[in-house]
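S.K.: For the record, the sequence lines run as chains A and B. Convert by adding 85 to the 1-based position in the first sequence; the result is the number in the working numbering. Convert by adding 59 to the 1-based position in the second sequence; the result is the number in the working numbering.
Take these hints with a grain of salt, some might be off.
[Unchecked claim] As a list, the in silico DSSO-like pairs of lysine-lysine whose alpha-carbon atoms are at most 30 Å apart: (1) K167/B / K137/B; (2) K167/B / K138/B; (3) K84/B / K164/B; (4) K96/A / K164/B; (5) K96/A / K84/B; (6) K96/A / K138/B; (7) K247/B / K96/A; (8) K67/B / K137/B.
Rather than coming from a laboratory, the hints here were simulated on the basis of the structure.
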Amino acid sequence: MIALSVDVLEKTFAGAIRWLLRGRRGASITRGEVLRQLYQIGNRSLLFVCVTLGFLGMVLVFQTCLQVNRITGDLSQVGAEFIKILVHEFGPSLTAMMLATRVGAGIAAEIGSMVVTEQIDALRMNGVDPVDYLIVPRFLASLVMTGALTTIGVGAAILMGALTAYYSFHLNPVVFLDPSHVRLGDLATGVMKCAAYGAAVPIVAGICGLAARGGSEGVGTATTRAVISASFVVILLDFFLSGFALFTFQRGGL
Amino acid sequence: MISFRGLKKSFAGKEVLRGVDLEVKRGEVLFIIGTSGVGKSVTIKHLVGLMRPDGGELWLDGARVDTLDERALYDVRKKCAMVFQHATLFDSMTLLENVALPLRKHRKLSERAAETEAMRYLEMVHMQSFAHSYPAELGDGTRKRAAIARALTVGPEYVLFDEPTTGLDPVSARRIDKLIRELADEQKMTSIVVSHDLTSIFSVADRVALLYRGVVHAVGTPAEIRASQDPVVQQFIHGRSDGPMETPGF
Numbered sequence: 086m087i088a089l090s091v092d093v094l095e096k097t098f099a100g101a102i103r104w105l106l107r108g109r110r111g112a113s114i115t116r117g118e119v120l121r122q123l124y125q126i127g128n129r130s131l132l133f134v135c136v137t138l139g140f141l142g143m144v145l146v147f148q149t150c151l152q153v154n155r156i157t158g159d160l161s162q163v164g165a166e167f168i169k170i171l172v173h174e175f176g177p178s179l180t181a182m183m184l185a186t187r188v189g190a191g192i193a194a195e196i197g198s199m200v201v202t203e204q205i206d207a208l209r210m211n212g213v214d215p216v217d218y219l220i221v222p223r224f225l226a227s228l229v230m231t232g233a234l235t236t237i238g239v240g241a242a243i244l245m246g247a248l249t250a251y252y253s254f255h256l257n258p259v260v261f262l263d264p265s266h267v268r269l270g271d272l273a274t275g276v277m278k279c280a281a282y283g284a285a286v287p288i289v290a291g292i293c294g295l296a297a298r299g300g301s302e303g304v305g306t307a308t309t310r311a312v313i314s315a316s317f318v319v320i321l322l323d324f325f326l327s328g329f330a331l332f333t334f335q336r337g338g339l
Numbered sequence: 060m061i062s063f064r065g066l067k068k069s070f071a072g073k074e075v076l077r078g079v080d081l082e083v084k085r086g087e088v089l090f091i092i093g094t095s096g097v098g099k100s101v102t103i104k105h106l107v108g109l110m111r112p113d114g115g116e117l118w119l120d121g122a123r124v125d126t127l128d129e130r131a132l133y134d135v136r137k138k139c140a141m142v143f144q145h146a147t148l149f150d151s152m153t154l155l156e157n158v159a160l161p162l163r164k165h166r167k168l169s170e171r172a173a174e175t176e177a178m179r180y181l182e183m184v185h186m187q188s189f190a191h192s193y194p195a196e197l198g199d200g201t202r203k204r205a206a207i208a209r210a211l212t213v214g215p216e217y218v219l220f221d222e223p224t225t226g227l228d229p230v231s232a233r234r235i236d237k238l239i240r241e242l243a244d245e246q247k248m249t250s251i252v253v254s255h256d257l258t259s260i261f262s263v264a265d266r267v268a269l270l271y272r273g274v275v276h277a278v279g280t281p282a283e284i285r286a287s288q289d290p291v292v293q294q295f296i297h298g299r300s301d302g303p304m305e306t307p308g309f
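Assemble the whole structure, with the sequences as input and the hints as a guide.
M.R.: See below:
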């Protein structure tokens, strides 16, 4: 498993760089395949991410306003702090958790099925590297779409949060929609997390899929393992990247 | 020439191959037979690096292949093609695109040139009229023939067939048998066929090797195998349920 993980990591990054530098000539993957994966990972996750982050935005704002109302009664800073925490923490992490379940499971099931039906062996016999052909397009698409989905998801959460604050606590949306607390460091942290999660989810899911053994039971096990592992890796990355951001951006005054 | 020397392989502590010794001569059709789970497919997969042995050596035309890395194995796979048990055509591609894939990857042909060449191979297996169909639209026998065409595109000297007639109706199975025989007679291609289809074995094989308890238990021409007095051989070729043969899982 360790050897497989190292091999997949190395080939994925090398394949992605080769494709980005040389386009179609440099790798086994076609532009069409990357576009197909952009659609699969991005468009088909859009509703799921928007609904989840929208509801979470409603719940978070409602609970925060409720508590703040009991203590100080001043809700003017709730929106500004909510937007700040969404940008550097909740937006990227919750979107990645959603993608770990929807996209991670899909990748592991698809590749796992190909392993148990010998299609991966057939690819190798035809001179095609399975990592280059199957994981690199998903990796490139996930990198782009995690950022895009996070941006849209954060928008949905802010909108639903503003509506909740207005209808439940009569907080003026102009006061709520205050981005002044968001610093450059928050934006940099959010972008860094999106890139890390976008890279991690397809790689982890791909490794689990390639490690599938046996028949349909093996595919099921690989899919479960992919969801758990990808979610765990997102949480671990969140911990380390938040720590990194704390010691670099915030100490540097960003 | 292909040479398996003391090939060993275990899965989760269970010894499947315990020292397979077998030589395959150029131009012959060798059938590896044996009960399900005895390690027939495992044996041939080692030859093209789809599995790594725990012990023993594999030689192909005087060169050792079991120690090669994945990149070096690409050359072995050009020389030694494989037709899998389930055809393994890619569902998202038409038959023509499936057959053209190794031409683009192994022989580095352009997309257009690969498809022109692929059509020639489809004609060879009488499949040209299905070129633009998707695998899901076709029957098992048709898919198997397309898989054979795909395997032939790299111009192999050796072809490994993993249970080519399993799951096919008798007519399709005999067509596949005929194709394997034609490849040997007309194109001088060496074939190793994993099978337990007795009709195929006795109508196509030049030699037969019976795998039993992880080793080659008996090897010889179909006539020699038929005439063998060995009780294990007799039980297998007559398909008797009673006898000395142990079947994994029973």
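S.K.: Hint by hint, say whether it matches the structure.
M.R.: Verification of the supplied hints:
1. K167/B / K137/B: Cα-Cα ~12 Å, so holds.
2. K167/B / K138/B: holds, 16 Å
3. K84/B / K164/B: holds, 29 Å
4. K96/A / K164/B: Roughly 17 Å between the alpha carbons, so the hint for K96/A and K164/B holds.
5. K96/A / K84/B: Between K96/A and K84/B the Cα gap is close to 38 Å, so the pair fails against 30 Å, i.e. violated.
6. K96/A / K138/B: holds, 25 Å
7. K247/B / K96/A: violated, 38 Å
8. K67/B / K137/B: Distance of about 25 Å is within 30 Å: holds.
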